[in-house]
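Visitor: Make a model of the complete structure from these sequences and hints.
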Amino acid sequence: AQKITQTQPGMFVQEKEAVTLDCTYDTSDPSYGLFWYKQPSSGEMIFLIYQGSYDQQNATEGRYSLNFQKARKSANLVISASQLGDSAMYFCAMRGSDSSYKLIFGSGTRLLVRP
Amino acid sequence: GAGVSQSPSNKVTEKGKDVELRCDPISGHTALYWYRQRLGQGLEFLIYFQGNSAPDKSGLPSDRFSAERTGESVSTLTIQRTQQEDSAVYLCASSLYATSGRGYHLSGETQYFGPGTRLLVL
Chain A
3 AQKITQTQPG
13 MFVQEKEAVT
23 LDCTYDTSDP
33 SYGLFWYKQP
43 SSGEMIFLIY
53 QGSYDQQNAT
63 EGRYSLNFQK
73 ARKSANLVIS
83 ASQLGDSAMY
93 FCAMRGSDSS
103 YKLIFGSGTR
113 LLVRP
Chain B
27 GAGVSQSPSN
37 KVTEKGKDVE
47 LRCDPISGHT
57 ALYWYRQRLG
67 QGLEFLIYFQ
77 GNSAPDKSGL
87 PSDRFSAERT
97 GESVSTLTIQ
107 RTQQEDSAVY
117 LCASSLYATS
127 GRGYHLSGET
137 QYFGPGTRLL
147 VL
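Protein chains in written order, with the working numbering: chain A, 3 to 117; chain B, 27 to 148.
Simulated from the structure, these hints should not be mistaken for laboratory data.
Watch out, some of these pointers could steer you wrong.
What the hints assert, rightly or not - A short, non-exhaustive set of chain A residues, derived as facing chain B with CB atoms under 8 Å:
no.: 1; residue: Gly45
no.: 2; residue: Phe49
no.: 3; residue: Tyr52
no.: 4; residue: Phe93
no.: 5; residue: Arg97
no.: 6; residue: Phe107
no.: 7; residue: Gly108
no.: 8; residue: Ser109
no.: 9; residue: Gly110
Since the model is a prediction, treat every value here as computed from it, not as a measurement.
Note that beta-carbon positions come from the ideal geometry of N, C-alpha and C, so glycine has one too.
Guide: See the structure below:
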């Protein structure tokens, strides 16, 4: 069965510093996609970054980068130069296997950026 | 262009009543998904549409839940005889397409979410 694990329920970071949010996954499917979403207190799910299992390079989107270590089955999100607006819940998700296209979500990490 | 929209944004209902939740996906997106998020938890998959057909209904928690999609656009999620445990945020997402799962993954499968409908069953 596929599973996403986020072991950090909550994290603090000082404004302007970098922070890494952990995500490990479990799948037997050789082809998969990994996603990170941000959920502010307003509740909407905001797509941040995507990594395909066959991608050779780590994905980057502005201040977000994904540290993809396939052998370790980890897909950590790195946020550089944290801003107060980065305070939110962050969810790691995996695309389902062939028979389903659903996203399988982790339990999330609540990030609080301190001024 | 416009993102995914959902209505109503909030819904309070009494136990036993039926509710209908609506989702308008991004124009041109062929795949549409419904998820449920209970307070303080991650998202649970409910149902997936490819076009107007629903090849995966595996996440629907009971036969009180149903969904349909028309015109490869708007979708409605209906909960009949609501129960207090149905209280949650119901999120809709759409993607350009859903791949077969083999081969190279393209970013077109990225799911974009609506703002959700907050349902409270009293």
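Visitor: Checking each numbered hint in turn, tell me which of them this model violates, lowest number first.
Guide: The structure conflicts with no hint, since it agrees with every one listed earlier.
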